[in-house]
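S.K.: If you want the building blocks of each chain, they are given just below.
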Amino acid sequence: MVQSKKQKYMFLTFCLVPTFVLFAIFTLYPLLSGLYYSFFDWSGASDNREFIGLDNYIRLMNDAIIPNTIMHDYFLVVTKVIGIMILALFFAVALTQLKLREAPLYRIVFFFPNIMSVVVIGILWTFIYNPNLGLVNSALDFLGFEHLARPWLGDEKWALPSLVFPSVWAGIGLFMLMLMGAISNIPKSYYEAVEIDGATKWQQFWRVTVPLIWPQIKISILYIVITTLNGSFVIVQVMTGGGPNNSTHVMGSYLYQQAFVQFNFGYGAAIGVMILVLSLITVIILQFLLRRDKVEY
Amino acid sequence: MKKSVGQMLGKAGIRIPLILWTLAVLYPIFWMFLGSFKSNAEIYRSPWGFPEVYNLQNYIDAWTNYNIGTSVMNSLIVTLAGTALTLVLAIPTSYAIERINFRGSHFLFMLYVSSMMIPMVLGWIPLFFMLMELNLLDNIFGLAIVYAVSQLPFTIFILTSFISTIPRSLEEAAAIDGMSPYGVLWKIITPLSMSGIITVTIMNAIQFWNEYFMALIFLQSSQNYTLALAIDYISNEAQYTNAWGTLFAGLVIATVPVIILYAIFQRRIAQGMTEGAIKG
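Residue numbers (this note's numbering), protein chains in the order written: chain H, 1 to 297; chain R, 1 to 280.
For the record, the hints were derived by calculation from the structure and aren't laboratory data.
Check each hint, because a few of them may be wrong.
Said to hold, decoys possible - Stretches of chain R that chain H covers, calculated by requiring three or more beta carbons in the stretch to come under 8 Å of a beta carbon on chain H:
hint, stretch
1, 12-23
2, 58-68
3, 73-84
4, 126-136
5, 149-155
6, 263-271
Just so it is clear, CB atoms sit at the ideal spot from N, CA and C, and this is done for glycine as well.
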């Protein structure tokens, strides 16, 4: 291309600099200064910010609620990964292998909750769990299990497990589509080859399908883990606000509570750093655990 | 080949969970629509059945008592301004990263893409004070800027992959004809990557329309509430006022635009989201 060096750099500047400046101001700088603020005692007003070294982190270690929030986050991670992967894999196999005529309909319906607002999902499910009017208790009544009915979201023991269903409900479609894409790329001849060897459908699933779509299974699991650790607090905030009695607080909702409700911004930032560190460690460990040699037949 | 009885039964057996899940997905959504037409008394009498009469009182209440109209406007403004800004920022950068050789282009791309995995919640505390100093706190345009920047990595990620499919010969021919790089970007690249631009724009629009948490932190006064905040507010009030019907009307208003977009762009949305997730 006929272009002087100067022109090229002018154009590059035009393309890259404004975008990067905004990205730096609104993403990079806040992350770094979040790290910085975590060493301060700060209630919001700019003149009473006091450097306190590692005190926020010491407080973090001694805060009895913190271990619970971490447990709750990982509880959601594990239950969501199991629930979503089993159902998504089952639906993906059913819809690709069984040539159902109405398959496109299922795809369209199952995916829809993925693009619904978390607020709408959260409120809908809050009503589904409503002690008097809700679908869950009505169904239990109807089936003759009145004794099992309870105020699901108001019960310290049941509130957190109750949050798993809306998350699974809302999450399946995307992963089903990802796995369906992977399954339909497997050549038919692979199945024919193991069928000649006398493999049952179940064995075909484990010997052909799973190994060949392993990369997508791995990506799906990682994606669920990352989005849960980085975003589970949204549904918590909408459905329970962390209650009853802190029994559903996850790290993010506790950060919100500390920083934006109780104005402990420095301590909130320390919780934010903890979220960042834990999610990075988790991703690295998972990458390692899920490593599996690429299968080729 | 003749199908065995076992296979036929197997197919029917597989359909049962599929149909059950279809019901599990659709029933709450249908019921949200039905509930929005019921009076409160009726919601208490039969929360899960069909309404006796379809009346619009709940929508009127939402409009008059809760100013839903203002929130709809705010959400529309944030969504439109946010998506437009995202494109203005992302298209030139995606083109430069994908097509122009410069030192650090790979690093820049990795920086943008890897920031998708970072939990932004840590950044929201400083961002809150920064917006305050810039007079952009409790301001829907401030929120639109924050939204736009938050979707930059995803948008750049999708657009670079679309731009990479455009044949280089087209740009070269245009350059030989004397077109400036700005002309190439605007008259060649942008129209030819329109499909990708539409896909990311729809995804970003849905994201901004639905977003809740940043709005919760960065907006404060009720006349600036987006729809997500407004229905959250109605929901919290409903614990005491029991205005469930109004709440359902709010949920319907928030969901209908998404349903319309999904009905038109179902394939694009599904494709865009799976591609976005596969980045790994």
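S.K.: Indicate, hint by hint, whether the structure satisfies it.
M.R.: Here's how the hints hold up against the structure:
no. : hint    : result
1   : 12-23   : holds (count 6)
2   : 58-68   : violated (count 0)
3   : 73-84   : violated (count 0)
4   : 126-136 : holds (count 5)
5   : 149-155 : holds (count 3)
6   : 263-271 : holds (count 3)
Comparing the model with each numbered hint stated earlier shows that hints 2, 3 do not hold.
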